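K.L.:
In order, the protein sequences belong to chains L, F and E. Sequential numbering of the first sequence, starting at 1, is according to the numbering used here. Sequential numbering of the second sequence, starting at 1, is according to the numbering used here. Sequential numbering of the third sequence, starting at 1, is according to the numbering used here.
Be aware that a few hints might be false.
DSS-like, lysine-lysine: derived pairs with alpha carbons at most 30 Å apart [claimed, not checked]:
{"hint": "1", "chain 1": "F", "residue 1": "K347", "chain 2": "E", "residue 2": "K103"}
{"hint": "2", "chain 1": "L", "residue 1": "K467", "chain 2": "F", "residue 2": "K103"}
{"hint": "3", "chain 1": "E", "residue 1": "K103", "chain 2": "L", "residue 2": "K342"}
Covered stretches of chain F (in silico footprint by chain E; criterion: 3 or more residues with CB under 8 Å from a CB of chain E, positions within the stretch not fixed) [said to hold, decoys possible]:
{"hint": "4", "region": "73 to 87"}
{"hint": "5", "region": "345 to 359"}
{"hint": "6", "region": "362 to 372"}
{"hint": "7", "region": "396 to 405"}
Quick caveat, the hints were computed from the structure, so don't treat them as lab data. Source: prediction; values computed, not measured. Cβ coordinates follow ideal geometry from the N, Cα and C atoms, glycine included.
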Amino acid sequence: MTTKYDLNPDRLLPPDPVERDIARDLYAAVKDLPIISPHGHVPVEWFHDKDYHFSDPTSLFITPDHYVTRVMHSQGVALKDLGVNQKDFTPEQARNAFLIWGKNWGAYAGTPMRYWFEDSLQNVFDIHEKFGPDTAGHIYDELKDLLKQPEFTTRELVKKFNIGFISTTDDTLDDLHLHDETNADPDFPARLAPAFRPDVYLEPLTAGWAEMVGKLGDVAGVDTSTYDGFTEALRRRRLYFKEHGAVLSDHSHADVRTDRLSDAEVNKLYAEALAGTISADDATRLRRHFFSDQVRMAQEDGLVMTVHPHVHRSYDPSNLAEYGKDTGGDVPAKAEFTVDLKPLLNKYGNNPDFHFVAFTMDETVYARELAPLAGFYPSLYIGAPWWFIDAPEPILRYYAEVVPNAGFTKLSGFIDDTRALCSIPARHDTNRRLTARYVAGLVADHRLTLEEGRQIVVDSVVAQPTKVFKL
Amino acid sequence: MTTKYDLNPDRLLPPDPVERDIARDLYAAVKDLPIISPHGHVPVEWFHDKDYHFSDPTSLFITPDHYVTRVMHSQGVALKDLGVNQKDFTPEQARNAFLIWGKNWGAYAGTPMRYWFEDSLQNVFDIHEKFGPDTAGHIYDELKDLLKQPEFTTRELVKKFNIGFISTTDDTLDDLHLHDETNADPDFPARLAPAFRPDVYLEPLTAGWAEMVGKLGDVAGVDTSTYDGFTEALRRRRLYFKEHGAVLSDHSHADVRTDRLSDAEVNKLYAEALAGTISADDATRLRRHFFSDQVRMAQEDGLVMTVHPHVHRSYDPSNLAEYGKDTGGDVPAKAEFTVDLKPLLNKYGNNPDFHFVAFTMDETVYARELAPLAGFYPSLYIGAPWWFIDAPEPILRYYAEVVPNAGFTKLSGFIDDTRALCSIPARHDTNRRLTARYVAGLVADHRLTLEEGRQIVVDSVVAQPTKVFKL
Amino acid sequence: MTTKYDLNPDRLLPPDPVERDIARDLYAAVKDLPIISPHGHVPVEWFHDKDYHFSDPTSLFITPDHYVTRVMHSQGVALKDLGVNQKDFTPEQARNAFLIWGKNWGAYAGTPMRYWFEDSLQNVFDIHEKFGPDTAGHIYDELKDLLKQPEFTTRELVKKFNIGFISTTDDTLDDLHLHDETNADPDFPARLAPAFRPDVYLEPLTAGWAEMVGKLGDVAGVDTSTYDGFTEALRRRRLYFKEHGAVLSDHSHADVRTDRLSDAEVNKLYAEALAGTISADDATRLRRHFFSDQVRMAQEDGLVMTVHPHVHRSYDPSNLAEYGKDTGGDVPAKAEFTVDLKPLLNKYGNNPDFHFVAFTMDETVYARELAPLAGFYPSLYIGAPWWFIDAPEPILRYYAEVVPNAGFTKLSGFIDDTRALCSIPARHDTNRRLTARYVAGLVADHRLTLEEGRQIVVDSVVAQPTKVFKL
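Hey, can you work out the whole structure from these sequences and the hints?
P.N.:
Here is the structure:
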C-alpha cells in the first residue's frame, strides 16, 4: 500500500504569508487561461494523427527529453540504457529505463525536471503515488495502461491542456501539408503553426550543404547555384511558411553578428561554399552575411525573429558519435549582444514593426545588455529564460534583472521550447506561478497596486505573447 | 471624481513581518536626515536664481530625463514628441507629451522611474491622484498651476528636500561665479559644490579638441601648445575648482587604464593630437596617459576621484544625429577593473589620503572585482549602484555582493546622479528604505544587533559620504 | 560590568516563520554530525604535538589569517602592526594588534569574519562579552589565560570540534612522518590526511625551480634531468602521498587548460626550463602539459583532483616584497571552464571513477558553466563556495545557481580551506545552517517533502563528501 501524495496548491508561491496571499490572487487570475506556445519541438505528426497514442512511458518521458537523460548521464548511466538512438529497444529495456530513472530520482531533487514530472503525473494522469526507486515499476505499468486509453491521444491532451496556439519547428523544405490538414480539421482544438528554422542553410560547413542547397532550389523553384538564387529561394520559403501559418523564424548560431560582405566577396565565398572549399573563418563570415539577409527579409515579410545564440553544440564528441545531436551534449557559451547586435539595431531597431526576440542561457547579459537595449529599441524583446535556465530560481532572477530597466512590455512571455508534450502544462503553470510570485513581491513592496499586478500577470500570459509574436 | 491614492508608508520595506518591524525601526532613524548629494547634474542656474520657476511639468519631468524618455522610445514614441532637442516646443506640444507619458504608463510598471514619479507627485506636490492615461491631463494642469506658486521655486524645493550638500557637474573652464554667489547668499539653504569633469580634454578625438585646448590655456594662463603646458593648465583648473568648493573630479572613459608613455612619445602624440592627425589607437593611449596624470595630481591636491567607465556612448547613431548626446542612447559595456586598475592601485592604492570611487553598471564585477580590491586597498571605495542599476532589485543585489568582502565602510554612500531635481528626495529615500531593508535582513539573521544595524544605516547616510568625499 | 551577549540559536536561519520552522528541523538533523574537512591549511605540527598550545590570541586569530588582516589593511592599518612577517613581535605588540582589531571591528560588520569570530568566542571559549573597541583588551587577556589551559590544546579542540576527517596541504617532498605518527597515535581523535599540492613543480618560472626539481628527483629516486624522469618522480610522489593517506591532489594555476605538446617540444621546453631560459609563454604551455599529466595519473592512482584556478596571486608587489605570499594580496580573476576544460572532459569526463572538483571565486560561472557541465559529465563535481565567496549571501546564491541544473549530488560538500583552526566549527556550522536554509526554501515551495529535505541536508554533510572525496 502506498501513501497518497498530493501536490500542494500553493507550490512555488512565496512562503511568506503576506506575499502568498497576494500571489494566490494573481495566480488565480491566470491559472486557467489558454496556453500560448510560440516555440516548441513537438512533432507535427502527433497533432495530425487523429488517434495518436504514445507507445510507452519511457518513449514519452525519458528517451526524447535531453533534460531528463543528461542528469542520469551525470550519474554514470549510459544513454543507450535509456533508449537514446536505439533502433531495437525492447519493451523490457523500456521498462528497465524507467526503473533506472526511479533509482536516480534523488539526483533530480531541486531540478525543474523533477517538478514537471510530479506535476504531469498528478495533473495529466491522476497518479498520486510518489515517484521513486520503489514505485517506478508500478507507475510505469499504470502509465502504460493509461496511454492506451482514448483520453490520452495527443489531441485529447491538447484539449485537456487548453492549448490555444502551438508552434512546431520544421524543416525549411517541408511542404507543411500536415499543418494545413491539421488546421483544416475542425476537430483539432488549437491553432497550429510551423516555424521557419533555416540554421543549417546559413551554415556552409553543414555536412551535405551543397546538396541541401540544391534541393532548396528545387523546392523553391529557383536556381540556387548563385548567391542571388539562394537568397531568393530562402525568401520564397519564408513566404511559404508565412502563408501556411508561421509567425516566426528561429535562429541559433554561435553569435548574432550581421557583418555584410561586398557583392564580389559574397559571390566568391558562396561559390567556395558550394564547392566545399570554404575555410572555417570564411564560412563564419558568410553565415553572418546570410543572417543579415534574414534580418532584412523580416522587414519585408514581417516574420518575427527569435534567436538563441551562444551554445557549444555537441560539446562531447564521443557522445555525438554514439548518440547524435540534441542528446544533452550541448553546453551554454558566454553571450555577447551589445557589440554584436549594434549594426542590426542601428539599422532596424527603430522599426516598431520588426520584432526581434533575443533568448539567452547566460544570465549575466540580462541586466547589463538585454534590458538596457530593449529599454531603448522598439524592435527588441527579451526572451523568457530558456533551456538551461527555465527553472524557478533563474526565472525569478530574470524578472528581477530585466524588469527594472525594460519593464514588462518588452518581455516575450513564456516559451516552453520542448518536445515533451506532457510537460507543457506543467511548464506554463510553473511560469504563471513564478510570474505571480515576482509580481506579488512588487505589490507587497507597494510598488504596484493589486489591481495593476493582476493586469500584468494576465497580460504576460495572453496579451504580451499575442503582441510580440503578432498572433 | 477620482479615488485618493496614497503611497504606503512601508513601501520597499521587507514584506515579512519580522524583517519589516526591524526595517521600520532602521528607516525611522534615517528618513529625516539631510540629503548629501556628492554627484549630480542639476544646472547651477537653477540654484543661483533666487526665484527660479519651472515653466511646465513636461520640461521638469520628461524632456530632460533620459531615464523617462528612453522607455517611451522603446514603445515607439519619437523623442521629438517629448520635446527632446526641440527649439520651438509649444505649450500644446508640452501638454501632449504629458498625455503620451500617461498613455504609456503601463510600460513603467516595475521600474524606478514610475516609483520616483509617484513619490514626487505625492510628497513634493501633494497630488494624490493616481497617474495614468485618464489622469495625465488633469495632473498636468494641476502641476502647471503649482509650479507658478512661490513655494515651488528651486530654492524652496532645496529647503523642503532638506538638502545639506549638493554638487553640480561643470565645464572645466567655468569661472564658477554662480557657485560662489550662490554659496555667498545667506538665503541659499545648502552647501553647493562644483565638480571637475575633464573628460573631453582627455579624449583627443573630441570634435574641436585643439581649439578647446587653446581656450583651456587662455583660461588657465598657460601655453598649452606643449604637453607640459596642457598638464599644468589642467593642474591649475583642478586647484581652481578646489578653491571654489569642489570635492571631486569625475571621469568616464572606455576603460580605467593608466599606462604611461615615454616623454618622447607623449610629446609626439600630443603634437599629433593638436594637429588632428592622431590615430584612434594613439588617442586611446594618450588618454590613458592623461588619465594617469589626473591620478597623480589627486595625490597632490587631494580631490577625490570618481570614475564610471565602460559605457557605449551614443550607441545609436541616428539618435545621436537627430537628438544629440545624453538622450538615452548610452548603453552599458562589459566592465573590467582588476587588470586595468593594477598599475594605479599598485602605485597609489595604499595611500589612505587618496580616495578613488569606482562606479559601474556591470554588476558582475561587484563580488569578483570591486569588493575584493576595496577590501584590501585603503584608497578604493565602491560606488553605489548607478544609472541603469539604481533600482530596488539591483540595489539589494549590490549590498549582498559587496558587503561580505568589503563591509560597509568601503562603500560610497548614495549618489543620485540626476538632473531631475524633483526626483532627488525620492531617490535618496528609496536608497534609505533599501539600506534599511538589507541591514534589517542582517539583524533578522542575528548577524548584527538592532543597535549595530541602526548605527550602520545612519552612518551610510551621513558619516560615510562625509568621509569618502572629504566633506 | 559588561552585558552578556548570546548568539541567537536561529542565526542564519530564514526569518520568515514558515521557512524558519522547516529550517530548524533540517538544521537539527545535522548540527551535531562530525566535521569532514577534505581541504585545509592547518599545519600538521599542531596535530602531531600532543600538547600544542597557541601562544597568544593574536597569533591564533589575527596574524596568520589573511581574511582578517586584509580588512584592517583596507582601513589603513599596516600589516606589520598585526604581526605579519615579523620576527620579533613582542607580547605588547601582540596585545596591541588585538586592540587595533577591536578598534576596527565596525569594518567587519556584515562579513563572515565577524560572524566566525563571535561564534568561536562563545562556542569555543565560552566568552559571552561582545567584542569591540572597549572590550578587546579584556577579551585578549581572558583568551590568553584560557589558551594555557589543558582543554585548549589542538588535540582537545579537535575532539571538542568533533572533527572526523581533516586534510592538511603539504610539500610534495614531505616524508609525511608527522601524519603517520599522528594517525598511529590512538589518542588522536580524527583521521588525518595529507594532500598532494604540486603547483610549484608545474610552474617552471617558480624561483629556484631547477634546484627544486633536482631535490624532487633525489626524494623520488629518479633522475629528473629529463622530462620523463620528472614525470616519473611526480607519479611516485603521488603514490607516496596516497599510501600515506592522501585522498586528493590540489591545483591552482591561472587556467585549467590541458593542451598537450609533442614529445620533441616537451623535451626541448623542459631542457630550457631547467636551464632557466624558458620564455613566459613557453612556461605556460609547459605547465598546461604538466597539468595534463597530473590528470592522466589521476586515472591510474585514483586521487581526486581539486582545482581552484583564476587568481591574481600577489596582486600588490609592494605587499609581496614586504610581507611575502599569502598575506591577503591575492585577488580573484575572471574564470573560464567550458572552453578550457573541453579537452580534459572530452577525454576523461565520462570516467565515473575519476573525480574532478572545480572551485571558483567567480560566481558568474556557476549557472552558465559548472552546473551544465557537472549536470552532464560523471567526473565533474562543483566545489563549494570558496575563499572570497564563503559568506552567507554567496553560499545561498551558489545553491540557487547550481542546484537547478546539477542537483545536489554533483556538489562537493563544504570545504573550510583554512589555517584558522578555531574558525573550523563556525565555518562548518555556517554552511549547515545555510544548507538548511536553502533546502527549507525548497520544502516551503513544496518542491521537496520535509523528509526529502532532511535526507538532502544530512547527505550534504556526510555521504556527499565521503563519495566525492572517496573517503
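K.L.:
Please flag the earlier hints that this structure goes against, numbers listed from lowest up.
P.N.:
Hints 3, 4 not satisfied by this model.
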